[in-house]
Amino acid sequence: MGPRGGGASALEDFLRGEVAAPLTDGAVEDLVRPLVGAFEAPAVLGDLKEAMGPAASDRRFAPTASEVLAARGWVSGGGGHGGAPAVAVAIQPSEPFDSFAGRVLCALEAAPRVALVGHAALPHLASSVVDSLTAAGLEVGRIAAFQGADGDALRRIAALHSVGLDVIDFDPVEGAVLDRLRRLRALSSAEAPGAPRTGSAGAGEGWFGLGAVSRPPVPILARPRLARALHLGVEATAGGAARPVRSVALREGDLAEAAEQVVEQAFGRGALGGFASDAVTTVHVRPDLLSTFTACLLETLVEADDDPWFEPPPWVQQDADGAALRDVTAGRRLALDEGATLIHERGLGGGGPVGLIFTNVEPRMKLAGEMSVPGTLSLLRSLDDLEAL
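If you read the sequence shown in the numbering used here, its first letter stands for residue 469, the second for the next number, and so on.
In short, the hints are calculated from the structure, not lab data. Treat the hints with caution; some may be incorrect.
[What the hints assert, rightly or not] Below 16 Å or equal to it, Euclidean Cα-Cα: the simulated EDC-like pairs (lysine to aspartate or glutamate) are:
| # | residue 1 | residue 2 |
| --- | --- | --- |
| 1 | K834 | D805 |
| 2 | K834 | E806 |
| 3 | K834 | E642 |
[Said to hold, decoys possible] Label pairs and their computed distance ranges (CB to CB):
| # | residue 1 | residue 2 | range |
| --- | --- | --- | --- |
| 4 | P831 | P510 | 45 to 55 Å |
| 5 | A511 | E642 | 28 to 38 Å |
| 6 | E607 | P831 | 15 to 25 Å |
| 7 | G619 | P687 | 19 to 29 Å |
| 8 | L766 | A717 | 14 to 24 Å |
| 9 | S759 | R527 | 30 to 40 Å |
| 10 | G514 | A478 | 24 to 34 Å |
| 11 | R527 | E642 | 29 to 39 Å |
| 12 | E703 | A763 | 21 to 31 Å |
Heads up, the beta-carbon is just placed ideally off N, CA and C, and yes, glycines get one too.
Modelling step: build the complete structure from the supplied sequences, incorporating the hints.
As C-alpha cells, this is what we get:
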C-alpha cells in the first residue's frame with residue numbers, strides 16, 4: 469500500500485524527499501493496466517456515482533489500456549517537467565480518466581516522485597491509483613496520495629519552485645487562480661537569488677557550475693481545455709490553434725440531426741452537461757446554412773433543457789459558488805463585451821446560468837481562441853478552407 473498524505477507537512481516532506489531516477493519508458497508501460505484497474509475500485513465507482521450522477525456510467529471514466537497509451541502520447545506533447553525532483557499532478561473532475569492516466573504516466577517518466585493531489589469530488593481516486601500501482605510493483609515512495617486539489621495544497625506546491633505542478637486549467641476565463649499560483653512560484657524563486665540548489669546535479673552542486681547560478685523555477689504546467697470543434701459545410705485544416713483542437717465534420721444533408729449531435733456532444737452526459745474538459749466548444753457553419761441550423765439547434769436545446777440527460781453533474785450543481793459556475797457568469801459578460809450574441813441561456817431552478825450559446829462569434833474574439841468558457845457553445849460563420857482555431 470502506497471503512502472498517504474497526512475497534511476501539509478507530509479506533502480512538502482514527500483516532495484522534498486531523496487532524489488532518484490525517473491522510471492524508464494518500459495517500466496511506465498507496465499503500469500498501464502494496473503492504472504486502468506484503479507478506476508474500477510468500488511470506492512472510486514462510489515465517488516463517481518455521487519459526483520457525476522447518471523454520467524458516472526459514461527465510458528470517459530472507464531478507459532481501455534490502449535486509450536490510456538494514446539492519451540499518454542498526446543499529453544506528453546503538451547510539455548513536461550523533465551529534471552524536476554518531483555511532480556504534483558492535480559485531479560480535476562472535469563477531465564476524462566484516460567487524460568488523467570496519461571498525465572500520471574508522464575509525471576512518472578519525468579520525476580522520481582509523483583504526488584497525486586485529490587479533489588473533494590473524487591476523494592478516493594488518488595489513493596486507489598497509489599494502491600494499484602504499488603501492488604503492481606511500483607516502488608513505495610515513488611508515488612503518494614494527498615488531498616486538496618481545490619485549495620491550500622496547490623498553493624503550497626506552487627511555493628516550491630523546483631517542484632513540477634501539473635493542473636487542468638480549472639479557471640479558464642479570468643485565470644485568477646492560475647495567476648496566483650504562478651505569482652507564488654515567482655516569489656518563492658526570487659527569495660534566494662543565486663542560492664545553490666541540490667538535487668538536479670551531483671551532491672553539493674548547483675544547477676550551473678559551482679552553484680553561483682541557481683536553477684530557474686520549474687514552470688507550472690496548466691493544461692487548457694481541449695477545444696473540440698464541429699464543422700458544418702466547411703473543411704478544416706489543423707494549424708494556428710491557440711489550444712489543442714479536435715474537429716469532426718457534421719452531415720449537412722440533415723440539419724436537425726446535426727443539431728442533435730451538437731447538443732449531445734456539447735451538453736450531453738459524456739460532456740458532463742458542458743463542463744467536461746473535452747466538451748464541444750465551437751461549431752463552424754457555412755454562412756448559407758447558419759440560419760436554418762440555428763433554428764434547429766434552438767429547438768433541440770429547448771427540449772434538452774427539461775431532460776436530465778443534459779444536466780451538469782452534481783459536483784457542478786452543488787457548488788453554486790465554485791469556479792465552474794463563476795466562469796460561466798464571467799464568460800457571459802466578457803463574450804457580450806466582445807460583441808458576441810447570446811441566443812440561448814441554460815439555467816437550473818431559477819439560479820444563475822449553467823450553459824450559454826453564442827452566435828456572431830468571430831475568430832478575433834477571445835471566446836473563439838484563448839478563452840474557453842465551461843458550459844458554452846459558440847457558432848462561427850465560416851468559409852471553405854477554414855483553418856482550425
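Here's how the hints hold up against the structure:
1. K834 / D805: Holds, at about 11 Å.
2. K834 / E806: holds, 8 Å
3. K834 / E642: The hint holds at about 11 Å.
4. P831 / P510: 45 to 55 Å: About 47 Å separates the Cβ atoms of P831 and P510, which means 45 to 55 Å holds.
5. A511 / E642: 28 to 38 Å: holds, 34 Å
6. E607 / P831: 15 to 25 Å: violated, 49 Å
7. G619 / P687: 19 to 29 Å: Cβ of G619 to Cβ of P687: about 22 Å, so the range 19 to 29 Å holds.
8. L766 / A717: 14 to 24 Å: holds, 22 Å
9. S759 / R527: 30 to 40 Å: Given range 30 to 40 Å: holds, Cβ gap about 35 Å.
10. G514 / A478: 24 to 34 Å: Holds, since G514 and A478 (Cβ atoms, about 25 Å apart) stay within the stated range.
11. R527 / E642: 29 to 39 Å: About 32 Å separates the Cβ atoms of R527 and E642, which means 29 to 39 Å holds.
12. E703 / A763: 21 to 31 Å: Holds - the Cβ-Cβ distance for E703 and A763, about 24 Å, lies within 21 to 31 Å.
Comparing the model with each earlier hint shows a violation of hint 6 alone; every other hint is respected.
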